[in-house]
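Here's the letter readout for the chains.
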Amino acid sequence: VNMNKDDKIIKDILSKATEQKAPSNMSFQVLEAWKKEQSQALAVKPIMPKWLVWTMGLSVVSAVVWFLFTSSESVIIPDYASGLSSTAEGIGSALSSVNMYTVMSVLALGIMVMVSGFLINSKSYRLKA
Amino acid sequence: MGPNSDEELIAGIQANDDNAILRFVETYQDRVYHQALGMLGNTQDAEEASQDVFIKALKNMKLFEGRSKLSTWLYQIAYTTCLDVLKKRKRQPRETEIEDDSTSTWDSMNDGLKSLEQEDQRGIIDSALQRLDPKDSALVNLYHLQELSIKEVSEITNINPGAIKVRLLRARKKLAAYLERDLHQALAT
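Quick note, the sequences are listed as chains A and B, same order.
Under our numbering, the first residue of the first sequence carries the number 1, and numbering increases by one thereafter.
Under our numbering, the first residue of the second sequence carries the number 1001, and numbering increases by one thereafter.
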């Protein structure tokens, strides 16, 4: 394929097409969009690593569950024949021995930490390379 | 005085210097916009795509290793960005069916165009370019107007050099057919 023969004439012809210039304020628009992009990226940037968020959340939940199960002997060694009722009884007695609202608040806090950690970390703010 | 060379621009952008970012866009905006307009066919899409190209470039500037020219890298981003826009748009191909059997030489067509008013010349050439397939339009722009080598065009479009030559040859034939037809009509009136 001979690509060179008419190249000069074709360029000459094509350069007569309407000159297509970008809008003169494009650089400022890009700069503005870039600043906005950066501030958004900062806003959604995780403040702590994902693994730390999950570890903290799971620790809180585990602590509450551990507390519930160790605060009543009937729960640790359940009576399998009446397992369900023993467990319910154990949890009930455990809950009655502490402030129920405190336990629920800590449990809710743990779940909130995990959910917010998941939401923050799943927010995509990186561009494809 | 702001940064001028590509190296200075890159260093300035990596340091988040506003002046370097402005200079970077000003240096390349016409070339990027021209390519986007050629591929997308309307000014609004071309403006939006051009902005996207620069934002992507700024975000990925740390990944730019300098193995190719900054302009080549930008053309590459522009090409893929425009292809993405076209995919989303799912527009019908712009190219209308025409026999690429032009009998005129480029030289004679150039002479014919010269005999017309400048505005008529522009109208005919613009119209012919707009009817090309977007990918072919990009190839014609990069090779014939920006005067990049086939190797550089291949890097930008990720099309192998042999296929680029074939596509360019076909695009030139189409372009010649469109020009010849419109030129005959213009000269006849």
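The hints are simulated quantities; they were obtained by calculation from the structure and are not laboratory data.
Take these hints with a grain of salt, some might be off.
What the hints assert, rightly or not - Lysine-lysine pairs mimicking BS3-like chemistry, simulated, CA-CA at most 30 angstroms apart:
#, chain 1, residue 1, chain 2, residue 2
1, A, Lys16, B, Lys1062
2, A, Lys50, B, Lys1069
3, A, Lys35, B, Lys1069
4, B, Lys1165, B, Lys1087
5, A, Lys36, B, Lys1062
Against the structure, the hints come out as follows:
1. With a CA separation close to 38 angstroms, the supplied pair Lys16 of chain A and Lys1062 of chain B exceeds the 30 angstroms bound.
2. Taken as a hint, the Lys50 of chain A and Lys1069 of chain B pair is broken in the structure, with Cα atoms around 38 angstroms apart against an allowance of 30 angstroms.
3. This hinted pair checks out: Lys35 of chain A and Lys1069 of chain B have alpha carbons roughly 26 angstroms apart, not beyond 30 angstroms.
4. Between Lys1165 of chain B and Lys1087 of chain B the alpha-carbon distance is near 24 angstroms, which keeps this suggested pair within the 30 angstroms criterion.
5. Only pairs whose Cα atoms come within 30 angstroms are accepted, and Lys36 of chain A paired with Lys1062 of chain B is accepted, the gap being roughly 19 angstroms.
Against the hints set out earlier in the document, violations occur for numbers 1, 2.
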